[in-house]
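Here the protein sequences line up with chains G and D, keeping their order. Everything in the first sequence is counted per our numbering, starting at 1 for the first residue and increasing by one. Everything in the second sequence is counted per our numbering, starting at 1001 for the first residue and increasing by one.
A portion of the hints provided could be inaccurate.
Here are the simulated EDC-like pairs of lysine to aspartate or glutamate, each with C-alpha atoms no more than 20 Å apart in a straight line [said to hold, decoys possible]:
1) LYS217(G) <-> GLU207(G)
2) LYS225(G) <-> GLU140(G)
3) LYS1270(D) <-> GLU1316(D)
4) LYS1270(D) <-> GLU84(G)
5) LYS1270(D) <-> ASP1304(D)
6) LYS1270(D) <-> GLU156(G)
7) LYS1287(D) <-> GLU1239(D)
8) LYS1270(D) <-> GLU12(G)
9) LYS225(G) <-> ASP174(G)
10) LYS1270(D) <-> ASP1190(D)
11) LYS225(G) <-> GLU207(G)
12) LYS1270(D) <-> GLU207(G)
No lab work stands behind these hints: they were computed from the structure.
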Amino acid sequence: MTLRALIVDDEEPARRLLAERLAAAADIEVVGECRNGFEAVQAIQRLVPDVVFLDVQMPKLDGFEVLELLDEPPAVVFTTAYDEYALRAFEVHAVDYLLKPFGEQRLGEALARLRERLARGERPAPPPLARTARAGAPLERVLVRDGERIHVLAPERIDYVEARGDGVVLKVGDRRLRKATPLGELAAELDPRRFLRVHRSYLLNLERLAGLELYAKDSRVALLKDGSRIPVSRAGYARLRELL
Amino acid sequence: MLHPLLARPRRLLLYLALWAPLALLLVGLVAAGSPQSRLAAVAVSLPPAVLYAFLCLGSWHLCQAHPLPATPLPRLLTTHFPAAVLSTAVWLALLAGWGHLLTSLGIPEAGGVLARHLPLLATAGLLLYLLATAGHYALIAQLAADAAERRALQMQVAAREAELAALRAQLDPHFLFNSLHSVAALCSSDPAAARRMIEHLGDFLRANLELSGLERIPLGRELQLALSYLQIQRIRFGERLRYVHEVDEASMALEVPPLVLQPLVENAVKHGIAQLVDGGAVRIQAKRRRDTLYLIVDNPLDPDATPSRGTELGLENLRRRLAAAYGGRALLTAEARPEGFRVEVRVPLVAAAASAAPTPTTEAPPAGLPDPRR
């Protein structure tokens, strides 16, 4: 069985070296090379490789953000000069983590692991939100893939987030963008001083709040500056009063 | 150990100056007590009175051997009183000898002076010796205080140097790892480029080691360091990394702290160019304006990129190094604008202040620099 591989690295010499070494392996076929995170997301969707050799620090999207935007991520081998992402790599079930500069032998080990993993037919779980830059601090940008387009959103641009199915819909101006992340997970990563869970299914950007209306007993509606309305539960109202 | 008063002529003079009134008082008393032979009394007592100043210096060694707070009082008394008696006896013997000498030289009254004033002279000898002892203890305390102060100062200097060493821009190991990875890649495909890269790396590492230990270096060398860094990164990033530098020839010799430009360029590449799909240009400018050197590095930014903590740390480190080197007279300002990131460092030209170039009288920034008032 031939394994279809994609190489993602923003440095040309690094891509060349990997392509050269993978060419030596009989069962690996390099189906493409990408120079940044945007290209990588598109190429993975289009080419559906078995494995992606993924650099971490790249323009636009880093390696973890690339994974976050994929519906069904392929097997991943990280290649980076930084050792501090190894734990995150483990969390996203990477096959291996190659520290540059790595030699043929180390690459051979990674390939052996890869073959073993794919032979077992394991599919990696969808990775959680990417937090490569600053673990612990609130999310500084929210990534949304909209067909071929990728939106990089500053959180303050989001008006509110609504739970929809397993994921969410982000209301951004007059756009509604779907994202596969569950509302609870997103709420935990966004700045709690800005975003408040006003309802089981709604996360509100407090800067958009224009007023509150009593709708029925124990049931309120938040009036937003752009005129839209979202429901506020009793618990949500209590949290809102505590904060304001 | 040499007596501290003998080691320093200025201290010795001060000691003799303090001694002089006492010696003169003694001579005066002796002379007053010898109405018939005043001149002989002075001739007999003056030289020994001066000589005694030196004799009393001997108590220094006893004082040192019996430091004040550590030695019990009885021990002090049993040490210094016999010493006082002994030195007084020696001194009186000298006086007697001197009197004899003067008598034999034809001053017949000289011999009687000692005998007539023995109680006065003996008392004076004891008192002067004890006074000198007290003086020595005061001197020892003073020297100890001086030494403590000097040690405190030395520790301050050492602490500052340690801080500076810690602040000294550290070589980023990831830069080395990535560069070595590129060399490995180039070895088979472009051996000439691999060789160039190794040479650039060698130059960069050597310059980094040499320069970081110095306090000031010519701007030209700092620029060379920054450029060799850029040449290495250029091989990694290819066409994505472009750079220009605008430094007038006259500024090349101006003195700057080492690693003032290179970290700015490193920031520009890491947090600016490397985050851009199509890359961009790093621009280095250096301009002199009267007694200030302006160093400016700017680069384009990806508007979507999250502001990096690495940039802030790198700049804060440089800011503190500048503060340590120039106090408040050096300035580092950084601003992210839509068109890019721009860092400006103002370095005061300390030594060159006197030989300032023809100075324009207006307050406007140098030509080509954006006017901050705008």
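Verification of the hints:
no. : hint                      : result
1   : LYS217(G) <-> GLU207(G)   : 26 Å, violated
2   : LYS225(G) <-> GLU140(G)   : 23 Å, violated
3   : LYS1270(D) <-> GLU1316(D) : 16 Å, holds
4   : LYS1270(D) <-> GLU84(G)   : 17 Å, holds
5   : LYS1270(D) <-> ASP1304(D) : 15 Å, holds
6   : LYS1270(D) <-> GLU156(G)  : 26 Å, violated
7   : LYS1287(D) <-> GLU1239(D) : 28 Å, violated
8   : LYS1270(D) <-> GLU12(G)   : 16 Å, holds
9   : LYS225(G) <-> ASP174(G)   : 13 Å, holds
10  : LYS1270(D) <-> ASP1190(D) : 25 Å, violated
11  : LYS225(G) <-> GLU207(G)   : 9 Å, holds
12  : LYS1270(D) <-> GLU207(G)  : 34 Å, violated
The structure fails hints 1, 2, 6, 7, 10 and 12 (numbered hints given earlier, in ascending order).
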